[in-house]
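For this one, chain A is given, so just place chain B with the ligands on it according to the hints.
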Amino acid sequence: MLKVKRDKLPQVLSVWSEEAVVYTPQEEDGVSTFRPWTGQAEVTFKPGSTVLPPKELFFPRTEEMYRYRVEGQAAFLEELSLPQQKCVLVGVRSCDARSLLLLDDVFLTKGYVDEFYRRRRENTLVVALACREALDTCFCTSLGVDPARAEGVDIQAWEKDDGYLLQATSERGKALLDKVGTLLTEVSEEPPAGARPSLEVDPEGVTEKLQRMFEHPFWDDLWHKCVGCAACTFLCPTCHCFDIQSENRGNEGFKFRCWDSCMFAEYTRMAGGHNPRPTRKERVRNRILHKLRYFPERYGKLGCVGCGRCLERCPVHMDITKIIQAIKEVALDG
Amino acid sequence: MAESFRNGNPLVPQLGRIINIVEETPDIKTFYITTDQGKPFTPLPGQLAMLSLLNVGEAMFSITSQGPEHLEISIKKVGTLTEAFHEAEVGQTVGIRGPYGNGFPLEMFYGKDVLFIGGGIGLAPVRSLINYCIEHRDKFGHLWIIYGARSPADLCFKKDLFENWPKVENCRVDVTVDKGDDTWTGHEGFVPAFVEELKPTPQGRVAVTCGPPIMIKFVLQVLEKLGFKDDQIVTTLEMRMKCGIGKCGRCNLGSKYVCLDGPVFTLAQLKELPNEY
Ligand SMILES: Cc1cc2nc3c(=O)[nH]c(=O)nc-3n(C[C@H](O)[C@H](O)[C@H](O)COP(=O)(O)OP(=O)(O)OC[C@H]3O[C@@H](n4cnc5c(N)ncnc54)[C@H](O)[C@@H]3O)c2cc1C
Ligand code: SF4
Ligand code: SF4
Ligand code: FES
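Which chain is which? The protein sequence lines are A and B, in order. The first sequence runs 1 to 334 under the numbering used here. The second sequence runs 1 to 277 under the numbering used here.
Fair warning: there could be bad hints in the mix.
[Stated by the list, open to error] Partial list, computed: chain A residues near chain B (C-beta under 7 Å):
1. Tyr66
2. Glu115
3. Cys226
4. Cys241
5. Asp243
6. Asn248
Just so you know, the hints here were simulated from the structure itself, not pulled from any lab data. Remember, predicted model here, so these are calculated numbers, not experimental data. All C-beta atoms, glycine included, are put in the ideal place defined by N, C-alpha and C.
With the rest of the complex left out, here is chain A (with noise of 0.2 Å):
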């Protein structure tokens, strides 16, 4: 196994970004997120995941998309140039590195390419990192994902006291391994035992179940606490909905699309006024049956990957590990 002595790793980061921009987690006004790294000395990363998740380098939250220029009744359109700029993402855990999968799903199947979203994803290389330690609201594991390896990635990072522990696990992070080859020594060493997230929760069931439950008295409590502030969808790593909007300045402007949230009222109200879900009954009871048994249904996998994201940060504590285990006490005649 190659490894990388601790205070070798921002010479690593140093070779790797003469060719891309190198990502890692870093604090901004005390939010951790993936930032570029430019050459600070010192290189951490924190036991869980970023507050804010890497979707937003797939995924941007807002992205033009073209502009356009009125004179009179004639109109002009330019496209703008899709995203070159290659990327190093490094630090990322094994939740995240899944939810990449399932928003490969959603933007680069079923009839249509995002040909945006495929440009940054082919452009943009994942480096993972093991997590020797998990958070209270880490549930990985429930949902299948080991901690300790990540699926979908170019690299697979181990932490030791003394450095990392790497394995190139596709071609691509095989090459970027070699470029840093003489910084890198070959150990005999074992990649060390992954996080055991205490937060336990057995989903297996939940699908079917939530298929018989739409009706159900089930959601008419669960959503009085919401406050609809849609914490939960923004930092989700596997929320993709967007809206579409224009930037208009007289007769020019550009249009745009941006995250957008089924927690919010405005996001199905239609013109004339009829929204299929008025209430947070209908809104709370879409984002569960979305995680839990719309994606299931689409794209055959769980649409949740445990990061834990939302009950650590959801202002009422809604908690979706304990909505799974209701969801399946809950007693269903025939």
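Just chain B with the ligands now, kept in the frame of chain A:
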């Protein structure tokens, strides 16, 4: 699948222009749209288009008809974008992307008698199927169109209703208005009650209905009473839409996206989905 992925991004429209405008009713106009390269794309009956005025906005519309070089879209004036369309004149540049949605399940209609029930602007999507049945007349049995609007002035596609369609072989057209005026000699009353009076039989027949939600609701009850089964009834849904390609999440009905898996559903399919529309 969309034919024109300009730059690979399906969310970027083509530019087209309005080449003809037909004033259907005081608040509905039909726009003929083409591009420098000809017809923007060739939709199936019941498919949709995202149409925009670049500096105003973008919305989903049914493609009500098409010619060799153009698409026809009927727009009811209800808000910002639709009002701007009503003020637009021939020559106006528009953005258009599509075709979206599944369209009508044509196999289901082949060899059958078809009953079309429309209300108000709801005739727009149904009209694309009526015209298709007329163009491929030998593939379908008897065609029966039952249509209603609030008043005689609000009847959409009058030329089709009173001239073109009644001339088609083995085709019947019945029109009603909620309330007539001095000149109206036709039927008065709501569409569902009119259907009940006319008593179409379910044998060998498929029914297609589209209109205001309240009309659809009562038409479905009447059809059920007349003996139509859930898999003999087809309807189209409207949900708020943004992307049109099953990604933005907005138009979900359970695990289906209406923009991609709909907007056309049989009643049997709808009953399998959460009642959330
Ligand atoms: C699948 C599908 C197919 C469609 N096909 C067609 C079609 O063929 N033709 C067509 O005209 N439309 C069609 N629509 C509807 C069309 O998309 C909307 O009418 C359009 O989005 C309205 O945009 P707007 O900017 O004009 O209205 P907005 O400015 O977005 O909203 C209109 C505002 O005006 C008011 N308002 C709007 N409608 C009404 C109303 N009915 N009664 C009272 N007040 C109202 C409300 O305050 C509302 O918020 C379809 C929609 C879908 C999803
Ligand atoms: S974070 Fe909590 S309060 Fe906010 S919308 Fe989500 S469930 Fe509701
Ligand atoms: S639903 Fe909550 S725990 Fe699951 S992936 Fe989203 S934020 Fe993480
Ligand atoms: S309109 Fe975006 S998913 Fe249907």
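Each hint, compared with the structure:
| no. | hint | in the structure |
| --- | --- | --- |
| 1 | Tyr66 | holds, 5 Å |
| 2 | Glu115 | holds, 4 Å |
| 3 | Cys226 | violated, 18 Å |
| 4 | Cys241 | holds, 4 Å |
| 5 | Asp243 | holds, 6 Å |
| 6 | Asn248 | holds, 5 Å |
Hint 3 from the list above is the single one not met by this structure.
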